[in-house]
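2 protein chains.
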Amino acid sequence: MIQEGGQGGEQPVLRLDLALVHYPVCNKNGETIGSAVTNLDLHDIARAGRTFGIDTLYIVTPFADQQALVRDILAHWQTGHGATYNPKRKEALALVRLCHDLAELYELVQAKWRQRPTVLATSAKAQANQLDFTEARRRIFSGEPHLILFGTGWGMAPEVFAEVDALLPPIVGLGEYNHLSVRSAAAIVLDRVSGIH
Amino acid sequence: MIQEGGQGGEQPVLRLDLALVHYPVCNKNGETIGSAVTNLDLHDIARAGRTFGIDTLYIVTPFADQQALVRDILAHWQTGHGATYNPKRKEALALVRLCHDLAELYELVQAKWRQRPTVLATSAKAQANQLDFTEARRRIFSGEPHLILFGTGWGMAPEVFAEVDALLPPIVGLGEYNHLSVRSAAAIVLDRVSGIH
Chain A
277 MIQEGGQGGE QPVLRLDLAL VHYPVCNKNG ETIGSAVTNL DLHDIARAGR TFGIDTLYIV
337 TPFADQQALV RDILAHWQTG HGATYNPKRK EALALVRLCH DLAELYELVQ AKWRQRPTVL
397 ATSAKAQANQ LDFTEARRRI FSGEPHLILF GTGWGMAPEV FAEVDALLPP IVGLGEYNHL
457 SVRSAAAIVL DRVSGIH
Chain B
277 MIQEGGQGGE QPVLRLDLAL VHYPVCNKNG ETIGSAVTNL DLHDIARAGR TFGIDTLYIV
337 TPFADQQALV RDILAHWQTG HGATYNPKRK EALALVRLCH DLAELYELVQ AKWRQRPTVL
397 ATSAKAQANQ LDFTEARRRI FSGEPHLILF GTGWGMAPEV FAEVDALLPP IVGLGEYNHL
457 SVRSAAAIVL DRVSGIH
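Residue numbers (our numbering), protein chains in the order written: chain A, 277 to 473; chain B, 277 to 473.
The hints are simulated quantities; they were obtained by calculation from the structure and are not laboratory data.
Be aware that a few hints might be false.
What the hints assert, rightly or not - Below 20 Å or equal to it, Euclidean Cα-Cα: the simulated DMTMM-like pairs (lysine to aspartate or glutamate) are: (1) K304/B to E420/B; (2) K401/A to D331/A; (3) K401/A to E367/B; (4) K364/B to E307/A; (5) K364/A to E307/B; (6) K304/A to E452/B; (7) K364/A to E452/B.
As the list claims (entries may be wrong) - Quick look at which bits of chain B chain A covers, simulated, 3 or more residues with Cβ under 8 Å: (8) 321 to 329; (9) 363 to 372; (10) 453 to 464.
Note that the structure is a prediction, hence the values are computed from the model and not measured.
Backbone N, C-alpha and C define an ideal beta-carbon position, used for all residues, glycine too.
Input sequences plus hints: build the corresponding full structure.
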């Protein structure tokens, strides 16, 4: 059912979803908060997701005003002026779905695949229970459903990590500094788990 | 002089610069224009650049109002409220320098390294004169100065490609779609040429 990219000339159909979590996340003091939705997060991560063949990008926020903002952005690019101005953007943003909280996210994804996905969290800090990118790639390309969580603000709250199956390693570069935007981190994670280079 | 990451415990000192080009670039109809500066381009690419050990991120724009915008952003994060609110952002944005056009860019970089850098362009479309990421990584880690150009808008104008030494391959994923943001593309290119995974 799944073909590796480039092997058979057909695009592999991955059962891979991403979620961008706005609650519960940490602020800079480590307190649990809900963060605001950033317009370019939706664009950048949807475009990267479309490039690397994910199924859905879930935007997780319980706040009605933030959900309305997401709906406005999607409407502009799906049916408004943006849809004709830039159809490639429409194609990417078609991957986006809103959901209220992590409980609803897990229910939606499990219902879609008719089985529980493996849930992988991302963090800028190294934590126990890490799965390296090579093994993550092998599992994702095996065709089993996987859901990768990305946090906004200063990262997801500790209780999120307690309930996931594993963590992907932090993206580290050549030194100590690893303060990437979530947009950059998501792009690199997708490139690494796809392994096309 | 140059140590590979992780070999000696010290961070390698790369002579690697990035430039984000706002003129001359294409609009969606292929006409040459100057594009507006996007705030998050500076943040995201500077943060990724700091993570992967580049020397400088040059912002190329000839427009006085756009240069003023860049100076305002830098001032906020270097000496204004942002500097104390988020010192990690200050550290990343310290890599940013403004320059007027490509001629000035090439002069500045050559004067800094006291030799002409190898200039590599990036494009979402495959073109002749490509250098693959493995070879680009080998050359960059050899310690020779390299400058990687990224275009905004719908990509750099054809005359830019005519004067570079080589192009890096487009970032392609699992299918035909490769409309990444320049922020995502820069993050992936830095990760690939660093080869740390």
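So, going through the hints one by one against the coordinates:
1. K304/B to E420/B: violated, 35 Å
2. K401/A to D331/A: Given pair K401/A, D331/A is violated - Cα atoms ~27 Å apart, limit 20 Å.
3. K401/A to E367/B: holds, 19 Å
4. K364/B to E307/A: Between K364/B and E307/A the Cα gap is close to 19 Å, so the pair holds against 20 Å.
5. K364/A to E307/B: The hint holds at about 19 Å.
6. K304/A to E452/B: Roughly 39 Å separates the two Cα atoms, so the pair is violated.
7. K364/A to E452/B: holds, 11 Å
8. 321 to 329: holds (count 6)
9. 363 to 372: holds (count 4)
10. 453 to 464: holds (count 11)
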